[in-house]
Amino acid sequence: MTALARTHPLRRIPHAGSLGMILLLLVAGRLVNPSFLSPMNLWAVLSVSALLAVASAGQTLVILSGNQGIDLSVGAIMTLTALMVSGMAGSSDEAVPLTLAVVLALGALIGLANGIGVRFLALYPLVVTLGVSFVIEGLALVYAQSQPPQMPGPLIESIGIGRFFGIPWLVVIGAVMTVLMTLLLRFTRYGRQLYLVGSNIRAAQMAGVPVTRVVLTTYAASGLLAAVAGVLLYGYVASANLSIGAPYTMMTIAATVIGGTALSGGSGSFIGTVLGAVIFSLISNLLIMLGLGPALRYAISGLVLIAVLFATSRDAA
Amino acid sequence: MKLASLLAGASMLCLAAAAASADDLAFLKNVDHGDGPFKIGFSNGFIGNAWRAQHVEGVEKAAAELKEAGLVSDVIVVNSTSGASGQIAQINSLLAQGIDALVINPVSAEPLMPIVQRAVDSGVLVVVADNPLPMDNVLNVSLDHTQYWGISTEWLIDAIGGKGNIVAIEGLAGNTANDWRVRARDAVLAEHPDVTLLSSVIGGWDQAQAREAMAGLLTAYGDQINGVLIQEVMNEGAIRAYKAAGVAVPPLTGDYVLSYLKLWKADPELQSVAVANPPGVGSDALRITVELLSGGTLDTEKLVANPLNADFSNTILIPEPYVVEREANTTRPWCSEQVKCISLDEAIALLDGQSDAASLDSTLTQDEVRALYFK
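Protein sequence lines, in the order shown, are assigned to chains A and B.
Mapping to the working numbering: the first sequence position 286 is 286, numbers consecutive.
Mapping to the working numbering: the second sequence position 52 is 1052, numbers consecutive.
Please keep in mind that the hints were generated in silico from the structure rather than gathered at the bench.
Some clues are possibly wrong.
[To be verified] Going by beta-carbon spacing under 10 Å, a handful of chain B positions derived as facing chain A:
(1) V1201
(2) W1205
(3) E1212
(4) A1215
(5) L1217
(6) V1247
[Said to hold, decoys possible] Each pair of labels, with its calculated beta carbon distance range:
(7) A:R213 <-> B:G1222: 50 to 56 Å
(8) B:A1069 <-> A:Q147: 28 to 34 Å
(9) A:R186 <-> B:K1061: 57 to 63 Å
All C-beta atoms, glycine included, are put in the ideal place defined by N, C-alpha and C.
The whole structure should be built from the sequences, with the hints applied where relevant.
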């Protein structure tokens, strides 16, 4: 980075690239269709963004932890969670608290298994989490066959389409998650240690950072957060099947990286990921509105994503 | 002139007869595997949803009955969870086990054709269930997707009063069944110039994607949308987009799984239809295979053009068994003995005691297979 770039006024605004891109997409959307900026559409886009942001929370932690950290089991955990909530809680609210406790604990356990593979078996995170995702897919298949999905009860139903003082519940939950994650990363000891481990694991170790604990916590948290996202996804669509979470593995990585978190670890923020999720959702909303054919839409969304990455994450690279 | 045309007509008839004679049909050259009992492999290309699970269950149930009857010695069922490469590997292993016939639901056409060709070359009878292959030396047993979206489209046009605007949410572009359905839709729409298709988007047979797509369509077209034409799995997602936006749901084509039928029943305002696309086609394909191996003579008049290559006449189309409306309407032009027009309550009763994910299904017995498709 040149001195000029560093002192450029725009560079002093955090997330200038992402915010600029969002502004650009909003203007483009308004030009395509005046109702793009209607509250109805903005809430719809924000709901999708919130779902993706929560799904990406764990991914952000894992990528921040560096050392090739990546979690390819996010989608599989979301699928298993959605199926289990559907199968266990059924159409009533009574069993929801117990079900939530079970699925969140299971998510954390799966994440812990990922962490153990990464830290103690010294395997590449890509390999460990991919392997674990296959195991979970198998479990999900067995589970779905023994306990077929059912329709959700009123509580889950309202997560998906209900509102809280006019704001969709998904958006409320996404906002709370953003505050909690930001507090976690900025103001807790774990947060500071995570950035140290992500930047330079040896230096962190020498400085007395409990590296093993940080890595295990990070992967366990990722599993737990993926389970939370699975519950929200089930609320969003009201039915579950074996491929429901699959698209989210890649989408969470994209949202995290678009949001400016370096794939090399140690640098980035959750706010960035949230903005990445918003950009991702705006692009798909805009392309649907343009009414383009599917082939062109895939190609354009790929190109736009590359352009967005170019605009938002050049510093990290 | 008259004589000439008569002669021409007669020669055409002869040609047609010749073309239809069983000896010429390339896919029948591997039917002779002795007296049985026969060993059959069933290769299913994808096992990610409830429809496929039911599809495989149907095959396993038919296999157990056929074994009991002494017609088959074994039906080896394999499911690929790793796409085309996994399915190719599994077919290789089935061939190594010395099967007499292979029933396959290919995950996609192009990558599977070489291995299917190898199976045919090694003397195995190949019957393709559900997703057809554009080859002349296999027998395709497919569901009638022209009916699936043709009837759905006709119903929707009628529901919006014969004129207005509709939007469509498709499955996956490039998928055989989806493209076939889109052709059927467009053929129906071509006959109704007063109905405009505002936009057709991809929902990937994924509820979340469908909800997002529907929310986008709602923003783009708002109350211009008089009806929603949407394929299975995604319907609840689209309805949720309407509910989240606080907009009344217009006539919308539905799904044939119990959860959707219940949701439809619980909402008296919802105008919908469900054309069943039964997973039982796998069981039907297995039974047709066994009938062929047992020396049955295929009624070649029942064969239709291959949906992917009209030059080959090697496809049996299994009709969609049920069209569900809130109140049964048997005066509809599509109702017949094979396409039964039933009410929502009747449909729910058919699925009584099954899980919410169960699809309306229909399977043929061995006698029905013989009566319908064999001489």
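Open item on the list: Tell me the numbers of any earlier hints that the structure contravenes, in ascending order.
Closed with: none
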